[in-house]
Amino acid sequence: MTYAAIPITLADFEAVMLRFLPDVARYARALAGPGAEADDVVQETYLDAWRGRTTYDASRDARKWLFAICRHAFIKRYRKATREVAVGDPPELESYATAAGHAAAVRDGSAKLLDGLDLGPAINAAMATLPDTFREVVALVDVGGSDYAEAAQALGVPVGTVRSRLFRGRRLLQEQLLDYARDAGFRVRTAPEAP
Amino acid sequence: MTDQTLSCSETVRAMWDYVDHALPGEMRSAVEAHLKGCDNCAGHVAFAKRLVEQIATAPVPQPDVEALEQRVRGALAHEAMSS
Ligand SMILES: [Zn+2]
Numbered sequence: 001m002t003y004a005a006i007p008i009t010l011a012d013f014e015a016v017m018l019r020f021l022p023d024v025a026r027y028a029r030a031l032a033g034p035g036a037e038a039d040d041v042v043q044e045t046y047l048d049a050w051r052g053r054t055t056y057d058a059s060r061d062a063r064k065w066l067f068a069i070c071r072h073a074f075i076k077r078y079r080k081a082t083r084e085v086a087v088g089d090p091p092e093l094e095s096y097a098t099a100a101g102h103a104a105a106v107r108d109g110s111a112k113l114l115d116g117l118d119l120g121p122a123i124n125a126a127m128a129t130l131p132d133t134f135r136e137v138v139a140l141v142d143v144g145g146s147d148y149a150e151a152a153q154a155l156g157v158p159v160g161t162v163r164s165r166l167f168r169g170r171r172l173l174q175e176q177l178l179d180y181a182r183d184a185g186f187r188v189r190t191a192p193e194a195p
Numbered sequence: 001m002t003d004q005t006l007s008c009s010e011t012v013r014a015m016w017d018y019v020d021h022a023l024p025g026e027m028r029s030a031v032e033a034h035l036k037g038c039d040n041c042a043g044h045v046a047f048a049k050r051l052v053e054q055i056a057t058a059p060v061p062q063p064d065v066e067a068l069e070q071r072v073r074g075a076l077a078h079e080a081m082s083s
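Quick mapping for you: the protein sequence lines, in order, are chains A and B.
1 is the number of the first residue of the first sequence in this note's numbering; add one for each residue after it.
1 is the number of the first residue of the second sequence in this note's numbering; add one for each residue after it.
Everything labelled a hint here was simulated from the structure, so no lab data went into it.
Heads up, a few of these hints could be off.
Here are a few chain B residues that face chain A, going by a calculated C-beta distance under 7 angstroms [said to hold, decoys possible]:
(1) 12
(2) 22
(3) 23
(4) 27
(5) 47
(6) 56
(7) 58
(8) 65
(9) 68
(10) 72
(11) 80
(12) 81
Cβ atoms here follow ideal geometry from the backbone N, Cα and C, with glycine treated the same way.
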């Protein structure tokens with residue numbers, strides 16, 4: 001460990017860590033869902049990181065370090081306790097249903113429509129409508145880069161539950177994006193002449 | 001598993017585990033073998049990968065990021081002064 005590389009002054013810390021604020025904000029919003037809490041999670045992530053700055057190893061990925069702090073802050077302080085809900089379909093059936101949804105979208109042309117669209121806003125809107133149970137697993141794995149075992153440990157549930165919730169969450173997101181594409185395609189096809 | 005031949009149904013049931021690199025080696029090879037010969041399943045997997053990539057990278061709107069950065073800088077300055 002090279003101590004000179006630890007961002008020890010506030011200016012150094014900000015120079016190294018604030019570059020990743022857009023990523024941390026995306027992760028926090030995915031974890032905490034719509035509402036002001038996500039911004040609180042971001043602020044607490046940076047405060048915790050500052051307080052723990054001497055534990056940062058400058059040879060490691062700062063983004064991953066911040067993500068771990070963010071995940072911890074969310075789970076310890078913001079995650080709602082009453083979360084155990086009815087089990088969905090087995091993970092393999094969710095996977096099958098996702099492919100079937102795509103097959104239908106290929107047939108009706110909406111899958112093709114997605115190619116030309118900026119999906120960022122649609123993804124953010126769709127994420128905001130996902131039930132917490134599904135959204136937080138999608139956040140951990142797809143946004144945060146955790147594998148199934150890490151996500152299971154973070155949430156205190158079995159790996160099978162992570163897979164089931166993750167696959168369901170992705171399927172719900174896919175459905176919403178395809179609806180969005182159908183709406184957008186419909187608007188393009190039926191747009192009135194400018195007055 | 002010694003049988004390397006998967007049906008389309010078996011393949012798409014394993015699709016998310018495959019995309020997440022969570023399949024054991026033999027099953028992974030079996031899925032890959034199927035995808036080489038099946039445009040339909042390969043299309044589903046390509047779409048699934050793209051979906052995950054889009055979820056991972058959907059940006060927070062820039063004005064929100066700028067406001068957050070101001071807020072975080074303020075909180076950090078306060079914390080640095082009081083510690
Ligand atoms: Zn096939």
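Comparing the hints with the structure gives:
About 4 angstroms separates the beta-carbon of residue 12/B from the nearest beta-carbon of chain A, less than 7 angstroms, and the hint is met. Restraint check, residue 22/B versus chain A: the minimum CB separation of about 6 angstroms is within 7 angstroms; hint holds. Annotation: residue 23/B was flagged as interfacial toward chain A, and the flag is violated, the nearest CB pair being 11 angstroms apart, outside 7 angstroms. Restraint check, residue 27/B versus chain A: the minimum CB separation of about 12 angstroms is more than 7 angstroms; hint violated.
Contact between residue 47/B and chain A, as hinted, is supported at the beta carbon level, the nearest pair being about 5 angstroms apart and thus within 7 angstroms. The interface hint given for residue 56/B is met, as the beta carbon of that residue sits about 5 angstroms from the closest beta carbon of chain A, less than 7 angstroms. With a cut of 7 angstroms, the hint placing residue 58/B at the interface with chain A holds, because the nearest CB-to-CB distance is about 4 angstroms. With its C-beta approaching chain A no nearer than about 5 angstroms, residue 65/B sits inside the 7 angstroms limit, and its interface hint holds.
Here the hint on residue 68/B is kept, as its CB sits about 6 angstroms from the closest CB of chain A, short of 7 angstroms. A hinted interface residue such as residue 72/B counts as satisfied when its beta carbon comes closer than 7 angstroms to some beta carbon of chain A; here the least separation is about 5 angstroms, so the hint holds. Interface restraint check for residue 80/B: the shortest CB-CB distance to chain A comes to about 5 angstroms, inside 7 angstroms, so the restraint holds. About 9 angstroms separates the beta-carbon of residue 81/B from the nearest beta-carbon of chain A, more than 7 angstroms, and the hint is not met.
Comparing the model with each earlier hint shows violations of hints 3, 4 and 12; every other hint is respected.
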